[in-house]
Structures are given as structure tokens and as C-alpha cells.
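Novice: Sequence:
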Amino acid sequence: MLEIKGYITKATFDLFSSQLRHLTAQGTEEVTIYFNSPGGDVQPSLLLYETIKNSRVDTIIGVIDGECSSSAIVSFLACKKRYATKHSNIYLHAIEIKKKLPLITAEYLQERRAIQNELNGIILEKTTFPKNKLEGITNSGEDYKLFLSEAMSYGFIESIL
-16 MLEIKGYITK
-6 ATFDLFSSQL
4 RHLTAQGTEE
14 VTIYFNSPGG
24 DVQPSLLLYE
34 TIKNSRVDTI
44 IGVIDGECSS
54 SAIVSFLACK
64 KRYATKHSNI
74 YLHAIEIKKK
84 LPLITAEYLQ
94 ERRAIQNELN
104 GIILEKTTFP
114 KNKLEGITNS
124 GEDYKLFLSE
134 AMSYGFIESI
144 L
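Heads up: the sequence shown begins at -16 in our numbering, then just goes up one per residue.
No lab work stands behind these hints, which were simulated from the structure alone. Misleading hints may appear alongside valid ones.
Calculated lysine-lysine pairs in the DSS-like style (CA-CA distance at most 25 Å, straight line) [said to hold, decoys possible]: (1) K(-12) with K36; (2) K36 with K114; (3) K109 with K63; (4) K128 with K(-12); (5) K(-7) with K36; (6) K36 with K109; (7) K128 with K114; (8) K64 with K(-12); (9) K69 with K(-12); (10) K116 with K(-7); (11) K36 with K63; (12) K128 with K116; (13) K36 with K64.
Go ahead and model the full structure; you've got the sequences and the hints to work with.
Specialist: As C-alpha cells, this is what we get:
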């Protein structure tokens, strides 16, 4: 059993990847990862996604146990089997800018758009969520609560525990 909890940072990724490598070296065939994260830094979240997706563990089960929002959703979607506990919450939204910039340049906006498109691409590849709905959410700047029944119908999760 592994956990991804709290704000996702490079330290989160480093700890998680070390733990997963250890379990892989032991020959573990099935790993359950519990997610309770509001998201976090995009790059470590994408690294988590790649690490989970490319793991040599036969079955990786993801369980949302609390919250799985923002970039944490992308990491969660790498799991082969996906579930959520009854009172869990899932929120979708555009990536947020945490740094104060003196000037927002066209280059910066282009990079931000490319990152958002990459995240959206993963969601669209791993689920049946409508592209126009996802783009509307990420363009609005608002949080979108994905109800668990909706998450199940779109393939974010297989069932509610």
C-alpha cells in the first residue's frame, strides 16, 4: 500500500517513486495507491503519472480516499484499476499560476496552454469525458465538482467503495 496525499511536490514524487521501486524489486504483483490530494505542482504530477503507468508491477489499483483534484487526477488515471470511497471528492479545473510574474508574456501563455493541453489529453485518453466539456471547464477558471456517479459513467473510476 502506498499513499499520495497532500499537495504534490517533487518531494512527493521522490518518496513515492522510491517506495514503488522497492516494491517492484521485491516482486510485488499488486499495489494499491490511496489518493487524498488537492493536486499540486504539474511536473511532479506528470512524473507520478509516468512512473505509475510504466511500472513493472502487474496491477496498480488507485483508490480515492478523500480528495483527488487538479493534477492529482492525472496521476490517479495512470492506475490500471480505479475506485473511490463513498464520500470522496473530485474537482477539475485549469492549471493555476502560483508564482507572481512581473509580466505575463505570450511565450508564457503558450507554454501554459501546452501544459493544459497535455493534462487534458491524458484525461481524454483515459476516460470518456467529453472534450468540449473539459475545455469549457479548463477555460472557465472555475472548479468543477465531478460527482462520483458522473466519474463512474465517464470511466474515471470503476466503482464506488
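Novice: Each hint needs a verdict: does it hold in this structure or not?
Specialist: Now for the hints, and whether the structure bears them out:
1. K(-12) with K36: Given that 25 Å is the threshold and the Cα spacing comes to 18 Å, the pair holds.
2. K36 with K114: It holds: about 22 Å lies between the C-alpha atoms, which stays within 25 Å.
3. K109 with K63: Holds, at about 10 Å.
4. K128 with K(-12): 19 Å, holds
5. K(-7) with K36: With a Cα-Cα distance of about 18 Å, the restraint between K(-7) and K36 holds, given a limit of 25 Å.
6. K36 with K109: 11 Å, holds
7. K128 with K114: Holds. K128 to K114 sits at ~16 Å (cutoff 25 Å).
8. K64 with K(-12): Satisfied, since the Cα-Cα distance of roughly 19 Å is no more than 25 Å.
9. K69 with K(-12): 18 Å, holds
10. K116 with K(-7): Given pair K116, K(-7) is violated - Cα atoms ~30 Å apart, limit 25 Å.
11. K36 with K63: 8 Å, holds
12. K128 with K116: 13 Å, holds
13. K36 with K64: 11 Å, holds
The structure shown violates just one earlier hint, number 10.
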